[in-house]
Structures are given as structure tokens and as C-alpha cells.
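Engineer: The lines below spell out each chain.
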Amino acid sequence: MLDWLQQIGDRVLSIVAGLGRSAQLLFAALMGLGYVLKNFRLLVKQVYVTGVLSIAIIGVSGLFIGMVLGLQGYSILVDFGAEDALGQMVALTLLRELSPVVAALLFAGRAGSALTAEIGLMKATEQLASMEMIGVDPVKRVIAPRLYAGIIALPLLCILFSLIGVWGGMLVGVEWLGVFDGSYWGNMQASVSFTHDVMNGVIKSIAFAFVVTWIAVFQGYDLEPTSEGISRATTKTVVHGSLAVLGLDFVLTALMFGDF
Amino acid sequence: MTDADNLVEIKSMTFFREKRAIFSDLSLRIPKGKITAIMGPSGTGKTTLLRLIGGQLKPDQGDVAVDGLSVPRLSRKQLFELRQRMGMLFQSGALFSELNVFENVAFPLRVHTKLPEDMIRDLVLIKLESVGLRGARDLMPSELSGGMGRRVALARAIALDPELMMYDEPFVGQDPITLGVLVKLIRQLNDALNMTTVLVSHDIDECLSIADHVCVLSGGKVLVQGTPEQILQSDEAEVKQFIQGLPDGPVPFRYPANDFAEDILFAGKDGVAG
Amino acid sequence: MTTRWIEITVGSFVIAGALALLLLAFKVSGLDLNSNEKDSYTVYAHFNNIGGLKPRAKVTMAGVTIGRVSSVEIDPQWYDAKVTMRIDNSMQGKLSADTTAMILTSGLLGENYIGLVVGAEEDMLSDGGEIRDTQPALVLEDLIGKFLSSMGKE
Numbered sequence: 001m002l003d004w005l006q007q008i009g010d011r012v013l014s015i016v017a018g019l020g021r022s023a024q025l026l027f028a029a030l031m032g033l034g035y036v037l038k039n040f041r042l043l044v045k046q047v048y049v050t051g052v053l054s055i056a057i058i059g060v061s062g063l064f065i066g067m068v069l070g071l072q073g074y075s076i077l078v079d080f081g082a083e084d085a086l087g088q089m090v091a092l093t094l095l096r097e098l099s100p101v102v103a104a105l106l107f108a109g110r111a112g113s114a115l116t117a118e119i120g121l122m123k124a125t126e127q128l129a130s131m132e133m134i135g136v137d138p139v140k141r142v143i144a145p146r147l148y149a150g151i152i153a154l155p156l157l158c159i160l161f162s163l164i165g166v167w168g169g170m171l172v173g174v175e176w177l178g179v180f181d182g183s184y185w186g187n188m189q190a191s192v193s194f195t196h197d198v199m200n201g202v203i204k205s206i207a208f209a210f211v212v213t214w215i216a217v218f219q220g221y222d223l224e225p226t227s228e229g230i231s232r233a234t235t236k237t238v239v240h241g242s243l244a245v246l247g248l249d250f251v252l253t254a255l256m257f258g259d260f
Numbered sequence: 001m002t003d004a005d006n007l008v009e010i011k012s013m014t015f016f017r018e019k020r021a022i023f024s025d026l027s028l029r030i031p032k033g034k035i036t037a038i039m040g041p042s043g044t045g046k047t048t049l050l051r052l053i054g055g056q057l058k059p060d061q062g063d064v065a066v067d068g069l070s071v072p073r074l075s076r077k078q079l080f081e082l083r084q085r086m087g088m089l090f091q092s093g094a095l096f097s098e099l100n101v102f103e104n105v106a107f108p109l110r111v112h113t114k115l116p117e118d119m120i121r122d123l124v125l126i127k128l129e130s131v132g133l134r135g136a137r138d139l140m141p142s143e144l145s146g147g148m149g150r151r152v153a154l155a156r157a158i159a160l161d162p163e164l165m166m167y168d169e170p171f172v173g174q175d176p177i178t179l180g181v182l183v184k185l186i187r188q189l190n191d192a193l194n195m196t197t198v199l200v201s202h203d204i205d206e207c208l209s210i211a212d213h214v215c216v217l218s219g220g221k222v223l224v225q226g227t228p229e230q231i232l233q234s235d236e237a238e239v240k241q242f243i244q245g246l247p248d249g250p251v252p253f254r255y256p257a258n259d260f261a262e263d264i265l266f267a268g269k270d271g272v273a274g
Numbered sequence: 001m002t003t004r005w006i007e008i009t010v011g012s013f014v015i016a017g018a019l020a021l022l023l024l025a026f027k028v029s030g031l032d033l034n035s036n037e038k039d040s041y042t043v044y045a046h047f048n049n050i051g052g053l054k055p056r057a058k059v060t061m062a063g064v065t066i067g068r069v070s071s072v073e074i075d076p077q078w079y080d081a082k083v084t085m086r087i088d089n090s091m092q093g094k095l096s097a098d099t100t101a102m103i104l105t106s107g108l109l110g111e112n113y114i115g116l117v118v119g120a121e122e123d124m125l126s127d128g129g130e131i132r133d134t135q136p137a138l139v140l141e142d143l144i145g146k147f148l149s150s151m152g153k154e
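Chains as they are written, first to last, in this note's numbering: chain W, 1 to 260; chain L, 1 to 274; chain U, 1 to 154.
Derived by calculation from the structure, the hints in this document are not laboratory data. Please note that the accuracy of each hint is not assured.
[Stated by the list, open to error] List of simulated lysine-lysine pairs, DSBU-like, C-alpha gap at most 35 angstroms:
1) L:Lys77 with W:Lys45
2) U:Lys54 with U:Lys82
3) L:Lys114 with L:Lys32
4) L:Lys77 with L:Lys114
5) L:Lys32 with L:Lys221
6) L:Lys32 with W:Lys236
7) W:Lys38 with W:Lys236
8) L:Lys58 with W:Lys236
9) L:Lys114 with W:Lys45
10) U:Lys94 with U:Lys58
11) L:Lys32 with L:Lys184
12) W:Lys38 with L:Lys58
13) L:Lys77 with L:Lys58
14) L:Lys114 with W:Lys38
15) L:Lys77 with W:Lys38
16) W:Lys45 with U:Lys27
17) L:Lys58 with L:Lys114
[Claimed, not checked] Footprint (simulated), chain U over chain W, 3 or more residues, beta carbon under 8 angstroms:
18) 38-47
19) 142-148
20) 185-195
21) 223-233
[Said to hold, decoys possible] Simulated restraints, written as ranges between beta carbons of each label pair:
22) L:Gly43 with W:Phe27: 33 to 39 angstroms
23) W:Leu30 with L:Asn258: 21 to 27 angstroms
24) W:Thr226 with L:Asn258: 30 to 36 angstroms
25) W:Gln6 with L:Asp60: 22 to 28 angstroms
26) W:Leu53 with U:Arg56: 48 to 54 angstroms
27) W:Phe27 with L:Lys240: 35 to 41 angstroms
Note that beta-carbon positions come from the ideal geometry of N, C-alpha and C, so glycine has one too.
Taking the hints into account, I'd like the entire structure generated from these sequences.
Structural biologist: See below:
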């Protein structure tokens, strides 16, 4: 019985210690802004790796989700004779919730796990240690560019997701199901607010980008330098990152849209 | 030997990892200009020792001094300058996977000096030539064989003409030809560039063939120090077992277990009848 | 891939993102940079009950949107709702002083908005003018009450 309590205590302590280490890493990486700006090329390369290479999955997902929203939305609204509202339904759903959340989840799976694996491999092959021996701070050179790149890339991906999704909804609603395109766009424009809907969605995605990228680089930096360690860390990035996004989404939604 | 002859001095150093003392009250000296081999069974913390010398780890007690400077007490800037004078070859080579061979060797030059591009180019080519890989300059690390990668990492480690060169298990897993090349290079570079070399390894033949001074570590302490001949003639049981590669001795062959006869013949806790 | 290629694609990525944001702003959310204070004038109206009328609701005449509700507040003097509307300058001097304002519902389940009907007077409303003739929103409970009492009469 006492054993079991001690085990739980140990676990809790090690989780807290982990959070502490991750905060230390975050702080050190954020301090590396000066180095990143001086070595701007590193940042550009990382925006390429996390952002540009994710465009394919974001674009295709956005398209399909937009189309499904169009289809499902139509089937529900048509019973109320309200199919003209399809445009605003698709746009609001995407802008406020689906784009930031789904883009962040996909990002955690694709770019996040890639970041963790790459950093982990650099740790396991002693590249980070040898960088330190040569006199370069690996946190500034390796971690910081990747952190800032994620924070830049995901919001951009989220915006693209929204746009492609709305277009996909139009493809299904207007071209296929016959919703009048004037109503699709007109109702949408009348009810979607730039500050309240578009910008809130972008703010959400910035928050998600921060959290997902932070988790991804920390897991890579902190892992056991063995192949098993790397695989466990990449799993953690995806799982913890996804849960964090969903939890943060609830908090942000309540803050932004919860004034009843 | 007087103090001035030692480039590295470790005085009464104690280092803990978790709750285990890796080193306790360890004292050892690395003489200048010579090749010192640090040997011992696996797990005695030989790599940790190199990290302590390089300032990546701090001792819990005692001191690590390089050229009179106490490494744990240096400021970041001073440590940065000291690292310019040290080169380290890691066990895995540790080439930066995103840079090609040329850029890898140029890396320390770009970090520590403000030399113009054409001078950097010349220096890189000279270093690559000394390890015989000048023609491989445009290859990526993934395209190199293990031995070639090791040699490029060596070229990178000597890029700034360090005074102290540290090798972490350079001979592990290498084929005979690469072994021969590495042994030759370590000796030549030490003499040609007037360096002090610290060689951490458990390869007896290779180490003893080029070392001037040998330290055998075990259990966090120095067992013996001396010339290769002195080590070979040592009477210490642990040293003998290590040097001669005897399967049983102070490091036991058998993992602790209960009586063999009992185990076979009688029922154990698992209730299997004998 | 070469550094050049990387830089070009990253640059395009950032530009695409910025363009997408602009598209979202104007095509999806109907952000209208023209609807600033200079192009409209203020008209007030008091209602007994505004129902579900919210700020940013549209103000129409004959079904055409000519302005927006900018704010809704309680009038402490008359204890009714004071609605502030911004009407497009194109309607300047076209609303008669006896214009009526009604609160209408868009569709069956839709939002409330204001519909204006011009009267016969020659004097026109100017900036800061007030509409006196107003019809309150239809409140469901009142309707049910009327219905029940009319049923009761039979």
C-alpha cells in the first residue's frame, strides 16, 4: 500500500520535473531570438520543413472537410428551408473551430512528430553535444529556429485551410446541390465578422502553434537517446499535443465566444 | 613531473549521477604534448570524464583544471574561448547531418573566427587533406561510410588547431584498415600539431601501441598510471584481468545466483517439481 | 533541395497566407472598409420593445439595406429602448420627419432588423434626428396572449 503511494508520488514528481525542464527549454529557446534573427536562413529552412511541406496535407484535408460540411450542412438546413444559410454555416464552423483545431492536430501529427524525431536523432548521435563542445549553444541553433518556425507556419496553414474549406463547401453547395451562389456568399459576408470570427480563429491557431511546437521540440530534446526513446517521444508529441490543442480550444472558445 | 608539464589536472574530483558516485576523489594528470590513454572496463565513466574536462558537466566536488584554468568556474565567455583550444572526436562521429563534409569542417571556423571565405576554404581543404578526404568535400554525411565519417569528424575537431584533442572510443566497431588509419592519424597529428591527446578506449592493442602514458580507471578511481610497459607488467589483479582479457577475475564471470546444484535438482519458488 | 528553392517556396507560402487572410477578410467576412463614420449620419428611434434586435442589425427601406443599428440602450427618461442607427449618406435628406420604424423578423427563425417606411411630410430628418412613429417587435408571449383571449371571446 505504501509502495503504491510512493510510486504515485514518484510519478507526480517526475511529471512536475518534466514540466520544469520544458519551461526551462522554452525560456532558453525564446531567448534565442537574437541568434535566430542573425542566422535568418535557419528560420527560413525550418518554415519550409514545417510549413511548406505541410501544405499538401492541409490543403487536401481542408478541401474534404469543407466539402463534407457543405454536404452535411445542406442535408440539415434543407429541412428548415434554410439552405441559403449554407455559406454562413460552413464559414463560421471553419473559421471559429475546425480550421484552427484540425490544422493544429494535423500539424502535431505531421510536422510535430518530424521535429521530435529529428531533434531526438541529433541528440542520440551526439550532434547536440558536439555542437556544444565546438562552442555553439544547441538550444539557440537547433531548437529556437524550429520553435519560431512552428509559430509562424501553423497560423498561415490555418488561414489556407479556412479558405480552401469555404471554397470546398461552395463546390458542393453551389455547383452540386444548387444553392444560389449569391446567397452562399451574401449570407456569409453578412454574418461573418472579421474581428470576431476570422481573427479569433487566427489567434486560436497562434496559441495552438505555440503549444504544439513547444511540446514537439521539448520531447525531442529531452528524450532517452535510444531508438526506443525516440519512438516513445514522437508518440508523446502527437498525443500530448493533440490533447493540449483540444483542451486549449475549449478554454479559448469559452473566452472568445462564451458571452451569453 | 612538475605542474607546468601537465595540461589537464584533475584534483580530488567527485561526480555523482543520480545517486551513484561515478568518480569519488579522483586525481589524475594529463601530461602536455603526449598521448595519454584512459582505459578501463565499460561503464566506468570514461566518456563522462571527457565531458567534465570539456565543461559540459560540472563536478560535485574537487576541480578540473585545463592549462591552469579551473573549468567549472569559468564564465560562459571564458568557456567559449577555452573550447576553441580543445577538439573532441565523439564516439559516433557526430557530423551535422544537414551540412555536407566541407560545411561540417568549416563550422568551427565560422563560429570562432571571422576569416574571409577563401581563407576558410583553404583551411578546410588542408584539414581534409590531412585525413585523406579532400575529394569527399561535397558529400553529405549520409553518403559516407562509418570510417570516412569518423575521419571527417576528426578533420572538424582539428579545424582550429586545438592544443588538447580528446578521442572518445575512436576504435569501436572499425574495420582493420580504418583502425590502422586512425591509429596513424592520432599519432601523426599529435606530433605534427604539437598537441596533447587524451584517448579514451578499451582497445588494448591499439591504445598501448601509440600511448605515451596510460591511466587505468575502475570503480571511479585510478587503478594504475604509467607507461605502457609499466601497465603490462603490473601485478594488480584487476589490471591483469583487463589487459589480458581474462574472462574471470575481479570482474566476475558469473552474475550472482544461488547454488547451482540446488537450482537444478530441487523445486524453486515457481513450484516446478525437481 | 537548394537554398534558393527553399527561400522561394517559403516566401510564396508567406505571401499565399497573407493573400488568403485578405480574401477571408473581404470575401468571406464582408469586411467593408467603406462603412466608416464619415459616410453615414445618425438617426435615433425609441421602441417599447426591441425584441431580439442587436447592434449591427440592418436598417432597411422597402427591403433594401440603407444602414446599420450602431447601439441599443435604455432611455432613463422614458424607460423605453433608444436605438441609434447609422444611415448611409445616400439617403441624406430623403427620410421624411414622419418616417415610421418597425422591428421585423428575417424569415421565421431569423434575426430582428429595422424596416423604415417613409411618410408624407415635407420636412426631412437630418443628422441626429429622431423617428417618433415606431412599432415594437412582435413578442411571442403577447401574440399567444392575444390569441388566447380572442379564442376566449368566442
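Engineer: All the hints need checking, so say for each whether the structure fits it.
Structural biologist: Results of checking the hints against the structure:
1. At roughly 29 angstroms between alpha-carbon atoms, L:Lys77 and W:Lys45 fall within 35 angstroms of each other, so this suggested pair holds.
2. For a cut-off of 35 angstroms, the pair hint linking U:Lys54 to U:Lys82 stands: about 12 angstroms separates their Cα positions.
3. Straight-line distance between C-alpha atoms of L:Lys114 and L:Lys32 comes to about 29 angstroms, which keeps the hinted pair within the 35 angstroms bound.
4. Taking the CA atoms of L:Lys77 and L:Lys114, the gap is near 17 angstroms; set against the 35 angstroms cutoff, the hint holds.
5. The straight-line distance between the Cα atoms of L:Lys32 and L:Lys221 is roughly 22 angstroms, inside the 35 angstroms bound, and the hint therefore holds.
6. Restraint check: the Cα-Cα separation between L:Lys32 and W:Lys236 comes to about 48 angstroms, which exceeds 35 angstroms; the hinted pair is violated.
7. Restraint check for W:Lys38 and W:Lys236: satisfied, since their Cα atoms lie roughly 32 angstroms apart, inside the 35 angstroms limit.
8. Note on L:Lys58 and W:Lys236: the hinted pairing holds, with a Cα-Cα distance of about 31 angstroms set against a maximum of 35 angstroms.
9. Taken as a hint, the L:Lys114 and W:Lys45 pair is honoured in the structure, with Cα atoms around 24 angstroms apart against an allowance of 35 angstroms.
10. Restraint check for U:Lys94 and U:Lys58: satisfied, since their Cα atoms lie roughly 18 angstroms apart, inside the 35 angstroms limit.
11. For a cut-off of 35 angstroms, the pair hint linking L:Lys32 to L:Lys184 stands: about 20 angstroms separates their Cα positions.
12. Taking the CA atoms of W:Lys38 and L:Lys58, the gap is about 30 angstroms. The hint holds against a cut of 35 angstroms.
13. Proposed proximity of L:Lys77 and L:Lys58 is supported: the alpha carbons are some 16 angstroms apart, at most 35 angstroms.
14. Using a Cα cut-off of 35 angstroms, the hinted pair L:Lys114 and W:Lys38 holds, with the two alpha carbons roughly 15 angstroms apart.
15. The hinted pair formed by L:Lys77 and W:Lys38 meets the criterion: a straight-line CA distance of about 19 angstroms does not exceed 35 angstroms.
16. A threshold of 35 angstroms between alpha carbons decides the hint, and for W:Lys45 with U:Lys27 the separation of about 32 angstroms falls inside it, so the pair holds.
17. The hinted pair formed by L:Lys58 and L:Lys114 meets the criterion: a straight-line CA distance of about 30 angstroms does not exceed 35 angstroms.
18. For the stretch 38-47 of chain W, the proposed coverage by chain U is satisfied: 4 residues have a C-beta within less than 8 angstroms of a C-beta in that chain, meeting the threshold of three.
19. Here the stretch 142-148 of chain W counts 0 residues with a CB under 8 angstroms from a CB of chain U, which misses the bar of 3, and the coverage is violated.
20. Only residues whose C-beta sits within less than 8 angstroms of a C-beta in chain U count toward coverage, and the stretch 185-195 of chain W has 7 of them, enough to reach three; the restraint holds.
21. For the stretch 223-233 of chain W, the assignment as covered by chain U is violated, since 0 residues bring a beta-carbon within under 8 angstroms of that chain's beta-carbons and 3 are needed.
22. For the hinted restraint 33 to 39 angstroms between L:Gly43 and W:Phe27, the CB-CB distance of approximately 34 angstroms keeps it satisfied.
23. The beta-carbon spacing between W:Leu30 and L:Asn258, approximately 57 angstroms, falls outside the hinted interval of 21 to 27 angstroms.
24. At roughly 32 angstroms, the beta-carbon separation of W:Thr226 and L:Asn258 lies within the given 30 to 36 angstroms, and the hint holds.
25. A hinted range of 22 to 28 angstroms for the beta carbons of W:Gln6 and L:Asp60 is consistent with their spacing of about 26 angstroms.
26. Under the hint 48 to 54 angstroms, the C-beta atoms of W:Leu53 and U:Arg56, about 41 angstroms apart, miss the expected range.
27. Look at W:Phe27 against L:Lys240: about 52 angstroms separates their beta carbons, and that is not inside 35 to 41 angstroms.
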